[in-house]
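Quick mapping for you: the protein sequence lines, in order, are chains A and B.
Under the working numbering, the first residue of the first sequence carries the number 1, and numbering increases by one thereafter.
Under the working numbering, the first residue of the second sequence carries the number 1, and numbering increases by one thereafter.
Calculated directly from the structure, the hints in this document are not laboratory data.
Predicted, not measured: the structure shown is a model, and the values here were computed from it.
By construction, the Cβ of each residue, glycine as well, lies at the ideal position given by its N, Cα and C atoms.
Treat the hints loosely; a few may be bogus.
Over 12 Å on every C-beta distance to chain B, these chain A residues come out as not near it, computed from the model [stated by the list, open to error]: (1) 18; (2) 64; (3) 275; (4) 416; (5) 560.
List time: in silico DSSO-like cross-link candidates among lysine-lysine, alpha-carbon distance up to 30 Å [stated by the list, open to error]: (6) B/57 x A/2; (7) B/76 x A/358; (8) B/178 x A/2.
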Amino acid sequence: MKWPNVKLIFRRELRDQLRDRRTLFTVAIMPMVLYPLMGMAMLQVAQFMREYPSKVWVVGQENLPNSPALIVDGRINPEFGHAESQLTELLVSKENDSQFQAIIRQCRENSGMTRTPILVDQLIQKEMQDRKIDLAVFIPSPIRLPNTSDPGSPETSAALIPEIYVFQNSAIDKSRIGADRINRVLAKWTGTVIRETLTEHEVPLELLQGVQITNADVADKVGKRAAAWSKILPFIVMIWSLTGAFYPAIDLCAGEKERGTFETLLSSPAARSEIAIGKLLTVMTFSMATSILNLLSMGFTGMFVMTRLGTGMGLTGGLPVGVPPLSSIGWLLLALIPISALFSAVALAAAAFARSSKEGQYYLVPLMMISMPLMMIPMLPAAQLDFGTSLIPVSGLMLLLRGLIEGNYTECMKYATPVCAVNLICCWLSVRWVVHQFNSETVLFRASERFGVGAWFRHVMRERDALPTLGSAVLCGLVILVAKFFVGFVVSPPRSFNHFAFQTVTILVATILVPAIMMALILTRKPRQSLRIRGCSLPMACAAILAAIFLNPAFTWFTGLVMLVYPPGGDIVQLEQAVSRILTSAPGLWAVLMVFAVAPAIIEEIAFRGFILSGFQSIRGKWQPILLTSLLFGLAHGVIQQTMITFVVGMMLGLIAIQTKSILPCILFHLTHNSLAVLLSKADASVVEHSPILARLLYSNDGQNFQYGIVPGILMSVVGVMLIVWFIRLDANPIPQPLKRTWFTEVASRLSGAKNNS
Amino acid sequence: MIHVRQLTKSYKDIQSGQFTALAGISFDAMPGQIYGLLGPNGAGKTTALRILSTVLKPSTGSALVNGFDVTEHPDKVRRQIGFVSTNTAIYDRMTAWEMVQYFGQLYGMPLEKLDPKMEAIFDRFQMNEIRNVLGSKMSTGMKQKVSIVRAMIHDPPVLIFDEATSGLDILVAREVLKTVEQLRDQGKCIIFSSHIMSEVQRLCDRVAIMNRGRILAEGTIDELAEKYDEDDVEELFYQMISVSEMKYESCRSSIAAIKSNSASAVQR
């Protein structure tokens with residue numbers, strides 16, 4: 001890479017963008033004009049934001065006691081809420097009251113009014129519509145204050161506690177606001193009623209309070225400000241960093257292609273990687289500039305608007321938000337570099353694929369949709385920085401930033417390394433993607449083909465490749481994911497083990513096996529090869545089984561680590577418990593193994609290491625196809641914890657499949673791995689104690705949950721790693737000839753023969 | 001100077017499956033020579049020239065430019081060529097001066113050498129009036145001038161012109177052709193693709209007539225006229241392309257007939 005060329009390209013692109021009115025408008029003019037305009041609009045709108053009075057229909061006013069008086073001169077007594085009294089207009093008409101009271105009484109007698117009957121709902125709704133009222137208050141019977149001097153009197157009975165009904169229509173805001181006002185008034189009035197009654201009967205009022213609770217806020221002024229800003233600023237920085245990368249990325253790639261200047265640059269001595277990095281630096285500069293300018297403009301506007309609004313509300317010195325602390329700005333600027341790099345690289349790589357600016361926008365909008373949840377997670381009140389969240393790209397960085405702004409340096413330093421590592425890895429991968437896009441002819445010179453389903457189908461049938469293509473592998477993966485997603489909603493809770501087993505196997509067949517086999521038959525000329533159905537040598541088969549056994553402690557520890565870092569939610573735990581209960585009714589261990597080991601091993605391997613991996617192998621190299629297949633394999637397991645665990649297992653399975661060119665060793669590995677997981681979960685003290693090997697291998701703190709011992713586990717893992725190396729070195733060594741005839745090749749050839757005959 | 005051997009290029013295409021843009025072309029072009037690639041639209045001229053300029057990679061075959069292989073040393077090849085095409089537009093938001101200077105710097109020329117050279121070239125091509133004009137404000141002719149100057153600023157031994165006069169008015173086209181002739185006279189090796197017969201007849205020392213990714217005939221204009229007994233180049237071109245198209249259609253219908261026969265045989 002020649003850095004003078006990168007610098008030259010960067011300077012040119014920067015100048016070019018600065019001369020582009022659209023980019024300048026988005027990056028500079030908009031933030032500088034938009035926020036002041038918004039501030040002006042807010043101040044203008046604020047003067048119209050007055051509260052409107054609520055119209056309340058009061059039925060049964062005569063039942064209210066004279067003291068303390070709730071209604072005085074046709075208005076709410078200001079003693080129970082001055083503002084509420086001003087904002088409430090009472091309609092104390094006798095019209096319809098008798099009918100209303102009759103219905104309510106009838107309903108009360110029948111159902112005790114635990115829920116308002118439909119008849120009452122309809123009546124109130126009709127009255128609200130006809131008489132333009134917002135809510136109704138109904139006092140069904142005279143309210144008499146309890147008379148403790150006469151303990152036997154019926155008024156002291158709990159069943160005769162006076163009642164007041166407040167009918168509101170929660171679908172209408174005005175009605176809801178009115179109900180809130182009335183409830184506040186009634187709460188104060190009830191308090192007064194109780195106090196007056198207790199005073200009258202000489203009961204000490206302190207009895208009412210029980211315990212005196214005092215709330216004290218020890219946060220200092222700066223801390224409060226930091227806490228308020230720490231939730232807003234990182235989000236603003238991120239969102240504008242992404243938005244700022246959008247238009248320059250589109251213009252620098254798709255725009256150049258559209259204007260025909262891209263080929264001019266490609267024929268110059270600058271290498272593709274230099275062009276990519278030069279453009280990336282430009283997009284990054286604009287992304288950061290957009291973010292900073294927005295932040296500044298928003299900060300200044302916000303400061304003035306808050307002061308004006310605060311003054312308008314009678315608060316000296318404005319609203320209690322204030323200017324963000326200076327240190328927070330420093331942290332934001334520091335975090336902006338990796339974030340802008342990440343967003344710019346992803347935006348540029350996506351834009352490189354587009355042929356025109358319009359098409360570029362189509363690709364970048366989904367990018368925004370994907371990024372938004374990552375930015376929203378840290379805004380949740382419960383979200384906090386821990387090891388788990390620190391490993392989530394963007395979210396982890398935002399949480400770290402939040403912590404730094406709040407001044408929790410000790411906590412932040414603990415997780416700074418994983419946060420930085422994850423985000424830097426993402427940056428590096430994104431930059432590599434950009435360079436790859438710029439080196440790809442199919443990306444740079446993609447012809448504008450009109451897509452028609454008919455033409456595409458004819459092409460697929462006419463030009464079927466021997467093995468699956470990248471597109472068909474992705475399609476198969478997506479079909480499996482979508483099918484599994486929808487099937488998850490359809491399945492009913494299992495009633496018995498047989499029901500559970502039938503349901504599990506049917507779902508595996510319908511959502512995983514059928515799509516893979518159908519696609520292999522329709523989209524490829526050599527379905528057997530596409531599904532990697534071929535025999536393998538005995539050493540390969542044995543090595544796969546041994547690898548599953550010896551790597552089991554490492555996988556088990558990794559599972560434990562994942563569960564520790566990302567503890568499963570309540571639903572998952574409940575589901576696991578339900579499955580465990582059902583498994584107790586299994587006819588035997590063989591049945592459990594059939595459902596959890598045999599069926600998934602065969603079905604998932606045919607689909608993932610068979611069809612999908614074969615398709616991804618059209619990409620160069622060994623590890624990229626393995627990585628992508630494992631990613632899909634992990635996602636197909638649905639739950640995030642399982643996704644992470646199966647992703648790692650999938651990497652091993654992918655390696656075995658590519659190195660042995662057969663799914664038989666993969667099936668054996670998968671089968672052994674799943675069987676060991678089932679057996680370990682079912683291991684109990686009686687079994688372990690009677691086996692000298694298991695007694696040395698496993699230990700348990702509670703006599704129920706057995707785990708691998710540290711020393712035997714590490715020793716086993718070392719052997720497992722040696723087996724991985726053996727599989728990797730299969731490339732260098734000549735691959736042993738497959739067995740002449742195995743049950744597997746026999747079945748495969750019969751299946752293939754049956755297909756040819758048909 | 002340029003040696004092309006059995007060069008092929010194929011793409012995957014949804015509509016037609018595998019599309020072969022170049023089906024094994026071979027030719028040689030020497031210094032001080034204008035080599036013409038003549039063919040209708042879709043003949044494969046642009047693909048061949050894009051491979052020579054290292055913008056595309058060949059599927060098979062080899063191409064040497066001034067001794068450097070386009071696949072093995074694309075960076076060195078790019079330093080040997082100047083590429084002007086209908087697709088190589090100029091930047092809208094750069095002036096003529098900035099544009100030429102930018103490419104000169106990309107070719108590794110220091111500013112102290114570049115600026116005097118640019119002054120001389122701008123004088124020679126009478127471009128001083130447009131030196132501070134933005135690309136978006138230039139006429140098509142001006143843009144093409146800038147494009148040519150941009151391609152020759154580093155004084156490359158090979159210049160590639162891909163339909164460089166397409167869409168230009170007669171005055172500008174003549175000026176471009178005059179420039180090409182001057183460059184030939186300076187000893188440059190020039191590849192010139194066009195589908196305008198008069199230009200080819202006037203300029204080219206050797207010609208390759210292309211259709212559907214193949215070279216149908218190759219030689220000097222006189223050699224071709226003698227070999228095919230046709231003095232009018234346009235007529236010669238028309239006849240060769242027509243025969244080639246007829247052969248292509250006949251092959252296609254034969255293949256379709258064979259396919260349909262074998263399908264009905266299988267059904268029976």
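Hints versus structure:
At roughly 9 Å, the least C-beta separation between residue 18 of chain A and chain B is not larger than 12 Å, which violates its mark as non-interface. Consistency note on residue 64 of chain A: stated as away from chain B, and its beta-carbon is indeed over 12 Å from all of that chain's, at 78 Å minimum. With a least CB separation of 10 Å from chain B, residue 275 of chain A falls inside the 12 Å interface cut-off, contrary to its annotation. Its beta-carbon lying about 40 Å from the closest one in chain B, residue 416 of chain A satisfies the requirement of being farther than 12 Å from that chain.
Even its closest Cβ contact with chain B, about 47 Å, leaves residue 560 of chain A beyond 12 Å, as expected for a residue assigned away from the interface. Note on residue 57 of chain B and residue 2 of chain A: the hinted pairing holds, with a Cα-Cα distance of about 22 Å set against a maximum of 30 Å. Between residue 76 of chain B and residue 358 of chain A, the direct Cα distance comes to roughly 36 Å. Violation of the 30 Å bound is thereby established for this hinted pair. At most 30 Å may separate the alpha-carbon atoms for a hinted pair to count; residue 178 of chain B and residue 2 of chain A exceed this at roughly 37 Å.
Going down the numbered hints, you'll see the structure goes against 1, 3, 7, 8, while the others check out.
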